[in-house]
Amino acid sequence: MDTAAPTLVEVDRVRQLYPKGSGENLLVLDDVSMKLRKDEIVSLLGRSGCGKSSLLRIIAGLMPASEGKVAIGGRDVAGPAQEVAMVFQTFALFPWLTVLENVEIGLEALRIDSAERHKRALAAIDLIGLDGYESAYPKELSGGMRQRVGLARALVVHPKVLLMDEPFSALDVLTAETLRTDLLDLWSEGRMPISSILLVTHNIEEAVLMSDRILVFSSNPGRVVAEIPVTLPMPRNRLDPAFRQMVDDIYALMTARPAGKQAQGAFPGTGISMLLPRVSPNLMAGLMETLAAAPYHGHADLPALAGPLHMEIDDLFPVAETLQLLRFAELAEGDLRLTEAGRRFVDLDPDGRKRLFAQHLLAYVPLAGHIRRVLDERGAHRAPASRFRDELEDHMSEQFADQTLRSVTSWGRYAESFAYDEATGVFSLDNPS
Amino acid sequence: MAMIRKDRPVAKPLGLGGEGLLPNLYDLAIFVLIAGVFVLIAHGAHEMTAPAARLASEPITLDPANLPEYALRTTLRMFAAILVSLLFTFVVATLAAKSRKAELVIVPALDILQSVPVLGFLTFTVVFFLGLFPGSEFGAECAAIFAIFTSQAWNMAFSFYQSLRTVPRDLDEVSRHFQLSPWLRFWRLEAPFAAPGLIWNTMMSMSGGWFFVVASEAITVGDTTVKLPGIGSWLAVAIDAKDIHAVILAVLVMAAVILAYDQLLFRPIVAWADKFRFEQTAAPRRPRSWVYDLWRRGKVVRRLSPAIGWMAARISRLPLGFARPARPAHNSGTGRLRDRLWLLAVLAAVAYALWRIALFTHASLSAEDVLAAIGFGLLTLARVVVLIALASVIWVPIGVWIGLRPWAATRVQPVAQFLAAFPANVLFPMAVVVIVREHLDPDIWLSPLMVLGTQWYILFNVIAGASAFPTDLREVSTLFRLRTWQWWRKVIVPGILPYYVTGALTASGGSWNASIVAEVASWGDTRLRAAGLGSYIADASAAGDYPRVVLGIVVMSVMVVACNRLVWRPLYRLAERRFRLD
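Residue numbers (this note's numbering), protein chains in the order written: chain B, 35 to 467; chain Y, 11 to 592.
Next comes chain Y alone, as it looks inside the complex (with noise of 0.2 angstroms):
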């Protein structure tokens, strides 16, 4: 989920980068080993289920003066989710910059992570946790941070790994030269010039968190029913109870959340963070937040930003690391030996993976489930598409309108991220009631609630690619008097069209995940169903019949990594290389 930001330089979006349109042997190896993956933690969670299935926890209850605390635990939840996303990315994103052999694996395994759909994987871990802490609440919890993880720390270690590979050179130079050690280095070259990437993409990755928080805090896997207090708890409770005020109520409060967290969190961060930006010129317009301004205008303040930055800078001079070689090591014999160790234990890791995968399905599938599955996938694919379509031919026009015009897009675009970061699925049961009270038919009615959520990466990428559009270009098709359809074609696509392609992909996959939650619905007793993949891994999850939850998810990433390789990626790099304006 990479975003374009105007004016900043931005790496390519994950799953847009990289040459040929065929996945190479290595995404495939890579492919089955996630898959495999997948395949021992089910089974490990399947031995599980049995001690872990009751959970002493204080049940929910629908009074408002529980909300507040509710809505702090899902905000710890949320941060808790960052820290472990953050350390991931240190770790991961510096291994696979820094080692060859890392990187092999790594970024092709980040691009198909971020594919995998994490809520139909939810319901493994909440079993494998509990199973890890029998008994407590707090596997529970391990397991809605680490769904919240899932589906955030991707794009951040995407983004942290190509700030590492694109250190300005002279830089780099400068570095060496003077004999930095990693650790200096680190601190004095790569996390700021990173810092910029990483916090746009760690605020995205926030935004899309919360959809995840709210689906994971009330989960039912076979006979066991996990609530763990939150805002997502009390929507499931409310849901159960009929209770339209108290889902309102949790709308509010959600806003509420996103709204300060926005404020008084990431605004400041992205102010201070400005500094850090990879320009020699000073950029007209810089972005503001009171609390920053607030916080350096301050009297205790004052006194407090030295102590921390002598903190930080006695961190960074930590003797830590040795001064790097300067000859890179030649290509040697031991080298190529090592390389080609390297590769045996990659393909014997496969071979493993693939013999796992074979007989945890072979017990239980045949190939009947499996075009089910696809069945399905094709059906939730079709979605995907309409909806993708509906929502661009509404939100392009009215994102290029707004775009032209600063005054409004100044205005609209927090409001649209507002938008993005708002959890959907806390709306779908006010969608249901109105689906069940006027008889609507599921399988339509239930899909928009699939582009509830991810419609406004489109409205926002798309306000700020027309927002990014040259004045001049605009000044000349006044000039020439292009008609309306010719100014479409000719003028606005073209100009916007890298940014309205990561806006639809970001929103597609976010799409794809949705209808993990979309396709189901309840109010009360009334359960609506729409056929599809979604639904297909629901049911599965709800069934606790693993094997079926895999093929689902594993049907559901090919699915989307196909549709980022066919369609988004050519696009992209048309796009790139025709229509890039600077």
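With the rest of the complex left out, here is chain B (with noise of 0.2 angstroms):
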């Protein structure tokens, strides 16, 4: 990595809000400043909601930052630029159009001849391992060959700069790996005619196998929390100790308690308007046992955790977090250790489970407590959704308040704790026995 080379993208002290339905806006990126030279590839890594992706869009001129500013080539960004170009998560391919048609929109757009036009699209299908495919529509490719269409479209226009949201998360396991390595081969060849690449991702490994730097995101708000350069020789092989190494440092930097945060901070918010994840019970319960038995015995590396059970950290996380506040297992530096509360609930029969789970739900789940503590006060033992609905309401965004009702539900519901009537939309006692 040269440190030398210019400068192709700038963002400078950047801040993104959200505006939520009462008071304060939602702040999804806080002060976020980062360079991305020429000939680099670098990584975004963060979980979901650390507003990784909403910076790719600020950088591509899709959406305005609220605060700060980007530049591009040295100039300031006022909507999608012609030096940045994008690949889709979802691959967002007109299902109407054919492989080529869909390759060809970006130069449409610039008005190139249609000669031009064809020749360039066809190059570019050709660099991209997909000629053959010319006339055929979206929905008869695999998804790995509708990326590469996306890839293709994205790089006929010519782009300075790749723009990549999270571009193998949609493709099974193999089929992202081949692509990456296809996309590493046709990079370190220079065959492809862009000068850098900006990669978002949730996959650590991916990450590492992929960029020569990476910048570690934090989630609410999404702040960089570290730069990583990765110096390992390309092609980069994923069970070298240097490359495991790196992994590990980086899921025990991202399970890392931020300072100042309680115990039970994993979450954002505090007291009953903490912002609660859609974890299902089964999944709970699931992950403790498979912790509690061999090889584990109780205390897991979270990566050696997360390879087996196909579970990235998007889906491992949220469990391992909920299981924290519920004090049924310890994370941190990228361990996860049963309590002795775990132990014992792997051990119990499934009534026993139930009345353990509730135990520990209204003792420190704070919003549980309260709808349980509400119920118990009235006469009747009932009240209606809409009013904790409100009370959340306060703090987060509608979106996240309808999240964390209904995880709270399901849990009241698992614990036998509350039980709640969908149509009538109102919280109980009375559990059908």
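Hints may be right or wrong, so weigh each one.
[Stated by the list, open to error] Cut-off 16 angstroms, straight-line C-alpha distance, at most; resulting in silico cross-link-like pairs (EDC-like, lysine to aspartate or glutamate):
1. Y/Lys-285 / B/Asp-246
2. B/Lys-388 / B/Glu-450
3. B/Lys-103 / B/Asp-64
4. B/Lys-72 / B/Glu-117
5. B/Lys-69 / B/Asp-216
6. Y/Lys-285 / B/Glu-174
7. B/Lys-72 / B/Asp-246
8. B/Lys-153 / B/Glu-142
9. B/Lys-173 / Y/Asp-284
[Stated by the list, open to error] Label-pair ranges, simulated between beta-carbon atoms:
10. Y/Thr-494 / B/His-344: 45 to 53 angstroms
11. Y/Pro-178 / B/Glu-261: 28 to 36 angstroms
12. Y/Pro-178 / B/Asp-206: 49 to 57 angstroms
Bear in mind the hints are in silico, worked out from the structure with no lab data behind them.
This structure is a prediction, so every number in the text was calculated from the model and none was measured.
The beta-carbon is built from N, C-alpha and C at its ideal position, and this holds for glycine as well.
Since each chain comes alone in its own frame, lean on the hints to assemble the complex.
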């Protein structure tokens, strides 16, 4: 990596706020600065909701930053710039256009005449290994092939910077790996007309495998918490001890407790207004059982756990953090360790599990305790959900309030701490038994 | 009349979307505005009646040799109307989707306009257009085309608007990212995305349109009688002449025309538009059309197609419009001021409309008139309720039976759709002949005519729902050996409810409209009349009594809107929330 290389993209103290229903705005990106230089691949690594996709869209000119500015090639971004092209997580292909027409769309918008357009599109299709598929419609292609179309469509406009928004996360493991390798080959052979790549990902191994630098984002709000240069030689080997060590270090970094937060502070918000993730009690029980059994015996390294379970960090972290919130496990430095209560839970029968879960739920999830208290206090032992929803919406967006309430409802039902009738929207204590 | 079609993600049918039960202030304002426009046109029409009295045209003769030409004229009217409707759709729906201010007015207006019985309004429009083109047939042609237009434009516009509003986010981002001009964006993204929904709604509109074209060709307003050459006029003359053979001939020709238009025009279009369905997986069963296959196989055509494609591509690349600014406009002070001014303008228009309505009705209507109209309205309401209930009792079991048997469904479904398209008013004379001959009570026996044409909507929607019912759920209920009644109550009725509600909503809306021609019928010089709001409007039209026509229309609109809000919308929402299967 040559630090003297010219800067292509410069992000300067960008902040991104989303208006909430009431009160202050939701801060998604807080004071993010970064540079993308010529001839490098940089990954933005973080969990869902850390604002990394927002940052990519700001750079692409698809949405304006609330504060701060972005410059591409020295000019401020005020709309989609010629120098960048984006590859989408969902491929974003027009289903009614053929592969060729999809690739040509960007050139068409540039009003390039049809002979030239054809030539360039065919060259891109050829480069990306799609020849023979020119007249196919996207629905006839597999996911991997579709993403190749997305890649060809981005390359054909000859951008300087390729922006990739989790480009491999909608693909199965094998296809994703093939596509990554092909992309890296094209990159290292210098056959793509681009100068650098900015890759958004939540896959730690992918980031280590592909990039020259990794920017690790924290969540809520999104901040760059670490910048990690990756100097391992290409092509990289996932089994190389240095590679493993780097993955372990990043796991540890991402599970480190931010200074000044409470032990339960994995989730944004405090008290009853804590934002709860959608994690089913079955999944929690499943993870605890796996953790208690061999070869982990109650203590696992997260990367070692994630691999065999085929869980990416966006799947694994919420479960681990919920277990931590409920004091069934402890999460620190990339390790997950069952607590005494967690071990006890695994050994109990279904009814015993429910009782233990209920105790922890009411004690450690403030919203659950709050709902139960309100129901206990009321003569009829009934309370409308709207009441709690309003309380939540004072602190979070409507969507998050809905998610939080759904989570607590699901946990409360499992624990039989309270019941909920969806048709009337009323919490109650009557459990049909 | 937006329909649910199997295996297609559909937008909510018009009239079923939206939140609360009660009309909001905006709905009310729009309603007043629409009523005000009626009043203004009625007023204008009244002024123009005199000079437009005579229409020089060849008399309609019951010579079978003329029938093909009449059929052609009728069909042409239909296509003229559909073109106007498409134009309206593209302009108005685009406006509603792109401008928030326009949206606030247009969307509730579409909702209310589709509940207005356009047939009752025919009298004004005929007189109005005759006045625009005095002494020529063109005015009457315009009136007929306008009548068809008003029966079909609203759901098309609504479908297109909803498609524009639900363009997938990633494709929107791609379009903005590659800086597609609005014109290119329309052709590459918006029009293709909206195509399946729009084509389906256009088809439904055409189906409804045949009814109106027949009703609007021969019309009497006061002492002006207009008979445009067409199947509707042929029918009117046949009724006057008590010529049952001519009536049967008209039925046959109508059937042939509808069959031809379905096979030659709409099937091919639906087969072609299949590629615009927004799905990333290939559907197992694709719509087919022999005409489309022929078209694709033909030699000449194979040369022609690229030429058409090339033309279309040229058009879509015309350098029209400029790239959209990337930054969404912030809600600045001037924006808020403009919002207020807009609101003020709407309020002023509402006030003016109210004033005109008051002026218009005060002169000739009393409180008794209003009460009478409401009384007649309740009578017609009772008919609609009873008939829809009867039709449901008959067609839901039959539809379920057919829908659960794929071999039957594929055969019956096109027939049901054909019957829904067939203009029932062509069949009315036959029923009237029976009633006259058997001396039946018109108050009861004219009523079934109201659902004659609309009951099929229930049938084919139920068939669609039952065909879409998942096999595993059926197998479960078989395994548990559910009793018949239990199976109906717990399994199949909840399973088809969203489809049924859509069908019943369309059927009841259509029945209200049909009441205007169904509650009054004649055969030669025998006139049958059933007491109700439909006959109230029909009589007032025939007498040229505009205030009562307006009153009748307004009462009917209120009742239709109330039915939609109080019955269908909650039912549909329940069905959506509780009984959705995907």
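Status of each hint after checking the structure:
1. This hinted pair does not check out: Y/Lys-285 and B/Asp-246 have alpha carbons roughly 42 angstroms apart, beyond 16 angstroms.
2. Distance hint between B/Lys-388 and B/Glu-450 is fulfilled; the C-alpha atoms sit about 7 angstroms from each other, no more than 16 angstroms.
3. Of the pairs offered as hints, the one joining B/Lys-103 and B/Asp-64 holds, with about 13 angstroms between alpha carbons and a cut-off of 16 angstroms not exceeded.
4. The straight-line distance between the Cα atoms of B/Lys-72 and B/Glu-117 is roughly 12 angstroms, inside the 16 angstroms bound, and the hint therefore holds.
5. For the given pair, B/Lys-69 sits about 26 angstroms from B/Asp-216 by alpha-carbon distance, which is inconsistent with the 16 angstroms threshold.
6. Taking the CA atoms of Y/Lys-285 and B/Glu-174, the gap is about 11 angstroms. The hint holds against a cut of 16 angstroms.
7. Pair hint B/Lys-72 plus B/Asp-246 holds up; C-alpha atoms about 11 angstroms apart against a cutoff of 16 angstroms.
8. With a C-alpha separation of about 13 angstroms, the suggested pair B/Lys-153 and B/Glu-142 falls inside the 16 angstroms cut-off, and the hint holds.
9. Between B/Lys-173 and Y/Asp-284 the alpha-carbon distance is near 12 angstroms, which keeps this suggested pair within the 16 angstroms criterion.
10. Checked against the hint of 45 to 53 angstroms, the pair Y/Thr-494 and B/His-344 passes, with Cβ atoms roughly 46 angstroms apart.
11. At about 35 angstroms, the beta-carbon gap between Y/Pro-178 and B/Glu-261 stays in the expected band of 28 to 36 angstroms.
12. A beta carbon spacing of about 23 angstroms between Y/Pro-178 and B/Asp-206 contradicts the range 49 to 57 angstroms that was offered as a hint.
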